[in-house]
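Peer 1: Listed below, chain by chain, are the residues.
Number of protein chains: 2
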Amino acid sequence: MRIAIIGYGGVGKALVQLLVDKKHYLKSKSIDIQLNYVIGSRGGIYVPKGIECNDLAEFSKNEKDITKFIPGGSKEVNFDLVLRNGDVDAIIEMTPTNKETGEPGMSHITRALENKIHVITSNKGPILLAYKKLNKIAIKNNVQLAIGCTTGGALPSINGGIIDLAGSEITSIEGVLNGTTNFIINEMEEKACSYYDSLKKAQQLGIAETDPTLDVEGWDTASKLLILTNVLMNEEKTLKDIKVEGITNLKSKDVADALKEGKKYKLIGKTTRTVHGLEMNVKLEKLEKEHPLYGVNAKNKAVRYVSDTLGELTIIGGASGVTPAAASILRDLINIHRGYRDCSN
Amino acid sequence: MRIAIIGYGGVGKALVQLLVDKKHYLKSKSIDIQLNYVIGSRGGIYVPKGIECNDLAEFSKNEKDITKFIPGGSKEVNFDLVLRNGDVDAIIEMTPTNKETGEPGMSHITRALENKIHVITSNKGPILLAYKKLNKIAIKNNVQLAIGCTTGGALPSINGGIIDLAGSEITSIEGVLNGTTNFIINEMEEKACSYYDSLKKAQQLGIAETDPTLDVEGWDTASKLLILTNVLMNEEKTLKDIKVEGITNLKSKDVADALKEGKKYKLIGKTTRTVHGLEMNVKLEKLEKEHPLYGVNAKNKAVRYVSDTLGELTIIGGASGVTPAAASILRDLINIHRGYRDCSN
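Going down the list, the sequences are from chains W and B.
Residue 1 is where the first sequence starts when you use my numbering, and the numbers rise one by one after that.
Residue 1 is where the second sequence starts when you use my numbering, and the numbers rise one by one after that.
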């Protein structure tokens, strides 16, 4: 399978390293992945017979400008060239997310699919804005649009809904979808500290960003919930349809009181189909220890589906970091290689 | 997709009912399933253009002898006819399990695969005895052998390992794999009753069988653990390689003492790869409330994988009963229809 990486940041580098580390494993499974292009913001690398991943992984440890990579690095190598040459089977779209326009990911994904190239993406923007439209283009061109990395990375939330519950109708989705907020709450529980002290620690550890707004005010959870809802419940909702609350008002006394009752706070994203239509919200909930999401600790994530014929399904996992995120990209790539296709929607 | 049901018991009947109930849903997903044969112990039904499932579901409510079904019922309709006619794409093998010889399932599965017919089975016998050999025949003939129903029915334990962890290597498998024993322990916790009172209740409710040996002495858990281990860790172990203990010696005092400590007993099947090789055992374990399997209550089941690149994955679910079991067969059928194939082993 010939691939192109579009957008070469932390996850892209981890993916190249993974292709090195998993070389023998992939070979033993008869999965042949050849990296023909890496496209960054200043240019790219193109080697028609495949970039030597080992060399690129070493190069990337010290050097940011991939146009200097030999052989194949050049300022002239860009996404247009990938399409013009027509020598890849799949692109990995990992450019920075823009939730207003979806660009440049939106154009990359659309054009690749129209050119009968599979797309695997970690880019939430285009998926939030236009999943249904993009998936229609994929189906029409008999290729796949794989989005596992957009809703929890290593947590197989999309696969869980599409493959593990195939033939069932999902009536509700509920999840601990953001590892950063879960870590912060966990710290408040274990250290009996304030929200701000806990946030500061998360920032020091590189778990929370300098501007943590998207995480702590619930918008990252809302984005993932929205994608899961639109994809798995066949909807076309937008972020405006979700009532969103974050964790910034959580007091250490609330956390301590809950612990005394044997309960734990979690930031829960939830979609329920009711007689009045779909209800979607993100808010703090106090879970009893019998609740399947009670044990989702630290940076872990989880999702719980209720279905008509296959009952309840709770999936807990989703190791954080660039390597698990890259591994979730590789997972999608292998499943496409195996021939899995969701052409039923 | 043209199918044959081989072995028409409770799950077979539930599957026919499901094909009735899900008719519009399947049509909306462009999944066309046509039931050409039902084969029972005394003969079968054959309708070249498809059996009317609605009529068969009604018929089966009162009548056991399917050879009386009109049109198509006959004592002359058998598995050989299915192969001779060559007019099905998949068989659903659901004959009674024999863990010594695997027959008659072993022959059905082997011959179907050799005739380039997909196989979906709920029959543990042949899978316990010869999964690797059977899957090689499937790969050679470019068809699928789907076994999701053999390791927890609605619980997507096999999918979880193959698809959700694609590209990862599984280093340990741990699960609450038997709903009956989990129900019995749960009753002992909630009613503070003895093992025997709890077993009696499970039998009255039809959850435990009249002879509960396979469940309560741990052999059902061991069988499922063995299949998961051989399939997902690429092994060829047998039941003799597993150290098996059941729940029959569990005392109500032990259960009460554990609850006081905030812990719960679970019958855990576990495979771990160690420096000395594979360790496999089934035994009662006392879990803390932070353990991901702590919240697996009543008839629920769960499995937890540890992998190299995708971290931990815990899957909780698996509604019990014939309908969820049939729904797990339908799930495998739909995933085969979608084109998913695991040809990588």
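Hints were generated in silico from the structure; no laboratory data involved.
Treat the numbers as computed from the prediction; the structure is a model and nothing was measured.
Any given hint could turn out to be false.
[Unchecked claim] Calculated lysine to aspartate or glutamate pairs in the DMTMM-like style (CA-CA distance at most 20 angstroms, straight line): (1) 263/B - 261/W; (2) 286/W - 290/B; (3) 260/B - 190/B; (4) 289/B - 235/W; (5) 283/B - 254/B; (6) 263/B - 288/W.
[Unchecked claim] Covered stretches of chain W, going by a simulated chain B footprint (3 or more residues, C-beta under 8 angstroms): (7) 161 to 174; (8) 303 to 316.
Cβ atoms here follow ideal geometry from the backbone N, Cα and C, with glycine treated the same way.
Peer 1: All hints, please: hold or fail.
Peer 2: Taking the hints in turn, this is what the structure says about them:
Proximity of residue 263/B to residue 261/W is assessed by CA-CA distance (about 16 angstroms); at most 20 angstroms being required, the pair is judged to hold. Between residue 286/W and residue 290/B, the direct Cα distance comes to roughly 16 angstroms. Compliance with the 20 angstroms bound is thereby established for this hinted pair. With a C-alpha separation of about 13 angstroms, the suggested pair residue 260/B and residue 190/B falls inside the 20 angstroms cut-off, and the hint holds. Simply put, residue 289/B and residue 235/W have alpha-carbon atoms about 36 angstroms apart, too far for the 20 angstroms limit, and the pair is violated.
For the suggested pair residue 283/B and residue 254/B, the alpha carbons sit about 15 angstroms apart, so the restraint of at most 20 angstroms is met. Taking the CA atoms of residue 263/B and residue 288/W, the gap is near 15 angstroms; set against the 20 angstroms cutoff, the hint holds. Against chain B, the stretch 161 to 174 of chain W contributes 7 residues with a C-beta closer than 8 angstroms to a partner C-beta. That satisfies the three-residue criterion, and the hint holds. With a cut-off of 8 angstroms between beta carbons, the stretch 303 to 316 of chain W has 8 residues touching chain B; three or more are needed, and the interface restraint holds.
Comparing the model with each numbered hint stated earlier shows that hint 4 is the single one that does not hold.
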